[in-house]
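Asks: Residues per chain are reported as follows:
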Amino acid sequence: MSTLTQTPTTAVSRPPAGLNWTQIRQIIAIGLVVLGLILALLNGMNWSYLALGALAGLFVWKPFHGILLSYSVISVYPVLRIISISLRPSTGLLSRSLEIIPPGATFQSYVNLFNEEPFLQWIWNSLSITVTVSVIGVAVAATGAYAFSRWRFLGRRPALIFLLTTQMIPAGMLVIPIFVIVAQLGLTNQVIGLILAYISTAVPFSIWILKGYYDTIPPDLEEAAMVDGCNRMEAFWRIILPLSTPALSIVFLFNFLASWSEFIVAKVILQAQTVSTWPLGLNELIGTFQTDWGKYAAGSVLVTVPVLLLFMWQSKYLISGLTLGSVKS
Amino acid sequence: MKHSKMLFGLLVVLLALGSFGFALAQDQLPAVDLVIWSQDGDSNNVFLAEQFQVWADQFAPGSTLEIVQKETEVLRNDLLTAGLAGSGLPDMVLGPNDAIGVFVDAGLLQPLDEMFDLEKYPFNLAAAQVGGETYGVPTNAGNHLMLMYNKSLVETAPETWEELIETAKAVEEANPDVQGFAYNLNEPFWFLPFVHGFGGGTYDADGNMVLDSQAWIDAYQFVQDLKFKEGIVPEECDYACADGLFKEGSVAMILNGDWAIAEYLDTEKSPALGEENLGLAPWPALPNGERPKPFTAGKFISVPVGVEGDKLEAVKSFVTWLTTDPGAVEAYALGTSRLPAIAEVTVDPETNPILAASAEALTTGVGMPADPTLRCMWDSVRPQLEGVMSNSVTPADAAAEAQISAEECIEG
Amino acid sequence: MEGLSGLTGDLVLNTLRQIIPLIIGVIVGVVALEFALYNLLAKVLKVRNALAYTLLAPAAIAILAFMIYPLFFNVLLAFSDLKRDTFSCYSPIARGNCKLDHLYGLDYAINNFSDVFFRVRNGEIVGWGRLLRTEESTFPVLLGRTIIWTVVNVIFHFSGGLALALIMNQRIRFKGIYRALIVIPWALPGVITALTWKQEFHAEYGFVNTLLESIGLQPVSWLRDPVAAFVAVTFVNIWLGIPFYMVMLLGGLQSISAEYYEAAQMDGAGAWDRFRFITMPLLKPILIPAVTLDVIWTFNKLDLIVIMTGGGPEEKTNILVSALYNAAFGTAATQELGFAAAFSIVIFVILFIFAIAWITTSGGLKEIYDR
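Chains as they are written, first to last, in my numbering: chain A, 1 to 329; chain B, 1 to 412; chain C, 1 to 371.
The set of hints was computed from the structure by calculation and includes no laboratory data. Quick reminder that beta carbons are idealized off the backbone N, C-alpha and C, glycines included. Warning: the hint list may mix true and false statements.
Unchecked claim - Only pairs whose alpha carbons sit at most 25 Å apart, straight line, appear in this in silico DSS-like list of lysine-lysine:
{"#": "1", "chain 1": "A", "residue 1": "Lys316", "chain 2": "C", "residue 2": "Lys284"}
{"#": "2", "chain 1": "A", "residue 1": "Lys316", "chain 2": "C", "residue 2": "Lys175"}
{"#": "3", "chain 1": "B", "residue 1": "Lys227", "chain 2": "B", "residue 2": "Lys169"}
{"#": "4", "chain 1": "B", "residue 1": "Lys269", "chain 2": "B", "residue 2": "Lys151"}
{"#": "5", "chain 1": "A", "residue 1": "Lys62", "chain 2": "C", "residue 2": "Lys175"}
To be verified - Non-contacting residues of chain A with respect to chain B, defined by C-beta distances greater than 12 Å in every case (computed):
{"#": "6", "residue": "Pro89"}
{"#": "7", "residue": "Phe153"}
{"#": "8", "residue": "Leu221"}
{"#": "9", "residue": "Lys316"}
Said to hold, decoys possible - Simulated DEER-style distance windows between Cβ atoms:
{"#": "10", "chain 1": "A", "residue 1": "Pro63", "chain 2": "C", "residue 2": "Met266", "range": "23 to 31 Å"}
{"#": "11", "chain 1": "A", "residue 1": "Trp313", "chain 2": "B", "residue 2": "Ser317", "range": "54 to 62 Å"}
{"#": "12", "chain 1": "B", "residue 1": "Ala170", "chain 2": "C", "residue 2": "Ile215", "range": "28 to 36 Å"}
Turn these sequences into a full structure, and let the hints steer you where they fit.
Replies: Shown next as structure tokens:
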């Protein structure tokens, strides 16, 4: 625990002159790796023993790296498994093998996915819905959150609680009513119907995050700009928005993720095949009376990898965009 | 498969040629865009789309059919939701008959007695009748579960469960990577045949639902023993697992329905099967000498409310043609490896041994009623069956609990 | 298949024809609306904070149309007698004669709500109301399971996230790589996560059992044994939730100035004291909203349970929301929509009371209002 609470900048509480300790740990670590190697050789080149030995060694030598590395493996492994299934030949889809690159690896599932299913059509539908929702959602939330942050207007407190309340609505409770409304507007089987439904579910949480972030920006900044002749909206546009890039990009990312993979509402609103989104399309591949794990896995990889890259690229914003708003500066 | 495809192609050409002379003499219908919700699998829907095209070219050029595939429960819920909203209903619904009762109760289907010549369907029309009116036209007869085996692993189909257990164990001994037997063990549809085999049913002679008779208890006991005493069914295997393993040759025998045959004959989708290796047989007999009796009915096309005018005319014309024109029946019902629902088309055991075997299995079944309360049986049995199959509920308790639950379900 | 894997020029144009007018329409509409509204409020009605209301208007409209109206519709359903055999009364197109004399009424609502709590047979109350078909789906059992589910998840989310955040806050190499890898579960589409894990918990083909057997343990029938199935979904949900806490808490830790620790060290405070008296209090402003959101999300976690176990086996892995979903849309759907609506309102009210009580007692409300 002693090292856990120290901050990066304090050198004071480093382990006391632990040369001996470090040396002992290094020796044990090397021993563990060697043990792994021996076991691996004895068990007919079973390299998993070496991997285990190396991991144990890392735990002893650098415990933090040991923990972080093993947790990273736990995080990533299921993703690797999907990739692995997508590469399996059609005769070995169900297999007990733990190898990531399966024997007889092939891209046939990907080829089949493109040739036998309207995969690009699903992606296009999903993408057009998702981008529209994210853009409009961020725009609507950005101004709304500004009002919550800078004014103490009548009804502000109940409205803030209401925003939180919308998160409490049991999923599924609104599916039938939303379908009825969309049907009454004549928008079933149209991407617009789904876009409108998604925007309204995205806005409350977006406002919540953005409001927290705006709160950390001192009002003096806008006041100074207004003294210089800007009006309130110009000050918002020129000062607040640029400063809020991390939060805005996080909100965009969240809205993107949520509508990219939404399934329950999409299923009732989009019934026609030409407007099908990828969650609907992929789900059909593994329905009750037909199962095509190969194509399903290939599709999953293709829809997941871009989002993962986007998310990992944004992960530095994730911290500042989400939490700065909650900490008083 | 190759042969039937060629045959099919020939048929299309012949029909197209024939239709030239035919079409001139006959009034064509205006082009319409139709939507059908289908509970059938994708590979079978391909045949439906092809047949619609043949019909459209001949009777209503320019018409289109959108096939929306939906699983049983999804189809039922979506139809009700659309009915509540008053829009978004399809022009046709294709599925087994057990949802028909629910839809009729909810007032969402049109009676078909005036629209079709129902005398042409002698086998299974009763399965789509509720309160004296008919709500579905059969596209085929069947929808029955049977024993399917891989001939490269099992030479002849076992006649009794005792034989099946022996065969399964022998297969596993000979091929360490192969499972002897698997089926969708937690699904009541696969369990009811056992109940029927032990002499039970869902309704008694007076039409009351009885789910706690001795036959039910015996059946629960039997499937529990299959798993825990004999140990011949895998620890965990649902439809997807049994189906997937069978296609790739990793299980020797499964229980599955006629809807899957077409896919098993297609070696591209089922590398281990195909015409050579797929064997079909009736269910093996129970210790009491009776064979389990699968529910039988077929797939039916129903017409939801709100379909009228040109669309209704087109639906009538298409469905009549699809289900009674011998060429269309051969192309669609037989094309999807299922049995015809009309007497004019028969299966020749010489040329089509697989379908003949399926037909033989069909004769061992019992008709599935369209009663809306049947739903209560499925829903009440499922959790109890799950309990029996995880050995946490005794057969007697399962039967008693299912009975209470079903009675409440019917009362509402 | 036409086009490139189903993607045709017509389709693209058709979508664009819908979306582009929508985006332009929303922008023009919003600007016009704001302009008109602002002038009305500020110049004609002379309302205070006119600009604030104007800025809120678009969000308010969006939320009104697809949240408030559906909520209202749901309440209306709870006051109806909508089920299979009265369906034709409520549907504008269904056939058949309606046998109800009124469509909505307090009597129906009383019935629907009492069905949530009481199971009546032959005029006598024989127990708790059943949402599905067994004793496992009665209100107290579901509520109890939901509370266990929520508490266990939130505790593990918090402690796992905190441990990782504390380590990540050290001076350590490859921090960026670790962070990028650890947030992966958060970014995965929920449908895919649930299905993948379902496969991995498969008794014969999943890696969980393969791992167990390779270290000499007995394989577990994860999805067929009710307790094991509940453990499995809980595990996956913990796996899903830890990254959120790690990110939030790491942000919080990074914002704590080193001076506090130095001062405490001068006063001779030990590591545990520093953690208790500096780290935890200063993390509180982050922790309270994070826990609040997590409690709400976990309580309402639907897709994972529905996809992985479907609430089974024996209806023993359902929490309140998944049982509700199954009753309305699942295999055992009863088509008693009035009753389902009443049940959803009960769930909503429980969560609402719980959340508000938690926010108030933890002092989080102040954090939310005024900063």
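Asks: Hint by hint, note whether the structure agrees.
Replies: Hints, one by one, checked against the model:
1. A:Lys316 <-> C:Lys284: 22 Å, holds
2. A:Lys316 <-> C:Lys175: 11 Å, holds
3. B:Lys227 <-> B:Lys169: 13 Å, holds
4. B:Lys269 <-> B:Lys151: 17 Å, holds
5. A:Lys62 <-> C:Lys175: 14 Å, holds
6. Pro89: About 9 Å separates Pro89 (chain A) from the closest Cβ of chain B, which leaves it inside 12 Å; violated.
7. Phe153: 37 Å, holds
8. Leu221: The assertion about Leu221 (chain A) holds, with a minimum of 50 Å to chain B.
9. Lys316: 40 Å, holds
10. A:Pro63 <-> C:Met266: 23 to 31 Å: 28 Å, holds
11. A:Trp313 <-> B:Ser317: 54 to 62 Å: 57 Å, holds
12. B:Ala170 <-> C:Ile215: 28 to 36 Å: 32 Å, holds
In this structure, only the earlier hint numbered 6 is contradicted, and the remaining ones agree with it.
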